[in-house]
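Engineer: Spelled out from the first residue to the last, the chains are:
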Amino acid sequence: MKVLAAMSGGVDSAVAAARAVEAGHDVTGVHLALSAKPGTLRTGARGCCTIEDAHDARRAADLMGIPFYVWDFAERFTEEVVEDFVAEYAAGRTPNPCLRCNERIKFEALLDKAIALGFDAVCTGHYARLEMVDGRPELRRSADLGKDQSYVLASLTEEQLSHAMFPLGDTTKDEVRVEAASRGLSVAKKPDSHDICFIPDGDTQKFLAGRMETKPGLLIDDATGAVLGRHAGVHEFTVGQRKGLGLDGPAPDGRPRYVLALEPVSGTVRVGAVEKLAVTEISASAPVAHVELDGPVECVAQVRAHGGTAPAVAELVDGVLRVQLREPLKGVAPGQAVAIYREDAAGDVVLASATIDSTR
Amino acid sequence: MAYLDHAATTPMHPEAVAAMTEALSTTGNASSLHTSGRRARRAVEEAREDIADALGARPSEVLFTGGGTESDNLAVKGVYWASGRRRVLASAVEHHAVLDAVEWLEQQGADVTWLPTDRFGRVSPESVADALDDDVALVTTMWANNEVGTINPVHDIARVCAERGVPFHTDAVQAVGAVPVDFAASGASALTMTGHKVGGPYGVGVLLLARDVKCTPLMHGGGQERDVRSGTLDVPSIVGLARAVRISVEEQASRAVEIAALRDELIASVRAVVPDVVVNGDPVDRLPGNAHLTFPGCEGDSLLMLLDAKGVEASTGSACTAGVAQPSHVLLAMDVEPALARGSLRFSLGHTSTRADVEQLAAVIGPVVERARTAGLAGMRRSRKVVKQ
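Chains A and B, in that order, give the protein sequences. For the first sequence, full-length UniProt numbering begins at 1 and goes up steadily by one. For the second sequence, full-length UniProt numbering begins at 1 and goes up steadily by one.
Simulated from the structure, these hints should not be mistaken for lab results. These numbers come from a predicted model, not from an experiment. Please note that a few of the clues may not be correct.
[What the hints assert, rightly or not] Label pairs and their computed distance ranges (CB to CB):
1) B:Asp276 / A:Asp62: 54 to 62 Å
2) B:Gly223 / A:Arg211: 49 to 57 Å
3) A:Ala209 / B:Ala131: 38 to 46 Å
4) A:Gly229 / B:Thr374: 54 to 62 Å
5) B:Trp104 / A:Glu263: 22 to 30 Å
6) A:Glu263 / B:Ala309: 53 to 61 Å
7) A:Thr204 / B:Glu103: 41 to 49 Å
[Said to hold, decoys possible] Sample of chain B residues lacking proximity to chain A, with all beta carbon distances greater than 10 Å (derived):
8) Ser31
9) Tyr202
10) Asp308
11) Ala309
12) Ala375
Quick reminder that beta carbons are idealized off the backbone N, C-alpha and C, glycines included.
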């Protein structure tokens, strides 16, 4: 196959590309330039977008003897991921930019371009298992549960997944590092990236404050309606947050308060006791189902990239995925995705993903 | 393989390789006073005289530098600093070595006027005349544009500047060896050229600096080159450069005819399969080896990759440090819309180009463009995805 390997400059995508080469594919490496003004050197925990990262990707490609190019997706990334991220926060929702980037950039803008240019698949260093079963792609959790990224890939459509290649699904991160070192890849010891790549200092609040209209509002006790404080804008909060609420004083019952809901139109931040965070029902729209969902299905639901799983019963009704959790989950915010899995000893199988609209 | 990127760098002339190789195994610092030093110095001075002779300059006007970028920086900053004046006039389509040096001076307090260009990327002497006054330290306009190949009326611009007593610098990196270049006849005060564009080595260039032009050094040290440029002279590179300049200037007239004919064939054969291809730059008054083409609806990086896979090497223009093709400031200054600017490729021919290179391109360009067009402008905003066909 002709394979386009997306190479971030990190160890995972480098080893993934090397494995694709070794499997006999005709591989071309591409580094996506996602920032219009890339920094020169890596700072903090950024995983891509610096000139140093582009250089690391290039050197890995050199070593494999594959052609390598840098493609400019900065405009598209800004539009589809960064601006979407800001708009979601402005609407009081909690977006997942990595999921969005997979959906719209790596497996849409890049995949479309790759297919048009004659490639059969896009290869990435994601930790998830992907196999064709009865002619349909089946996505499973990674063998490394600590690194599993099936959640941020679960919203890819059948069409997208059928042109995806995740060579690291059966491997743990530790094994990938060992393999990188034995292949002589200089990125073997490069630190893991985390946080959001376009917010290099990790200060999401500051990033948002400079990009959206901020509207001061009230912190209101959800149970009593009492005003517990004032704030500079709902973007400063996320559902489930406890620290840094800036309450005027302790709540009447003296117990800690958590953010329960954000209401951007009125500027209200509702806070309440920890029990109120517990969610047992999720309603999610824009579902992508990987199997036919007729009737309720026993599953495991996951509501964020790491952790946040509970046994559940899910049902697709009129284009809405309704998920009844058998055990409550905390900190479930509208805008996040819910992925449902069928439990399987050989790796849980992704059944569907949808965007959370409301919770109870 | 069809190497169609001679404007980026062109193969060294075998004679230059031979001369340089011989010099590489000879010891001697050209500043030393003993026999070995004098031998090295003699090689340098003969090279200087050769280059001066080939380019219509006096030997004392030839300053050896580390290449085009250094020559441009030295001319722009050095002449500005030495003048005591505050204004700089520069064309908007200069190479980054001039553009960024001028922008840096602007940040340091210089008053910069960017000279507009016409739709071919040409600067008019009238626009220079209109912008000139007694506070102008320097006017800088390239001889020929590295991207679209348009040749500027440098003689007329030099005359306008001379009438006001203002130094005029021209970046002739693409012009030397491609079109006739005579420093004295041009009337320029300073001229940049570099080795690797004329079949000489990398990392060596020349600034021709008229004797009466004051220039403050960028680097301080031994003052080897007229006290304007310091650093131990790179004798082998200078020897190789001189040989290459000599050959490329001697062969210029006949070579230009051959290369222009091949270039016209290239354009015609591309147009035969891609009828809506647009040729950028002046249709007539352009570098003989330059074909700068826009393929509407395509992204330059798609074209480059597909051609590369077919063994055809071209350029999308300048790339940033990371390797990202940048929207060309030259095309934007020519009022080309950004989506079209992104779909441009520069094919450039040189002294080793053959008809087979052009034929190889002609054989693959049709399917390549068709494919790149399907891929469209993937990296751009969707709102701008539709481009004029």
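Engineer: State the violated hints by number, sorted upward, taking the hints as numbered earlier in the document.
Structural biologist: 1, 5, 7, 10, 11 and 12
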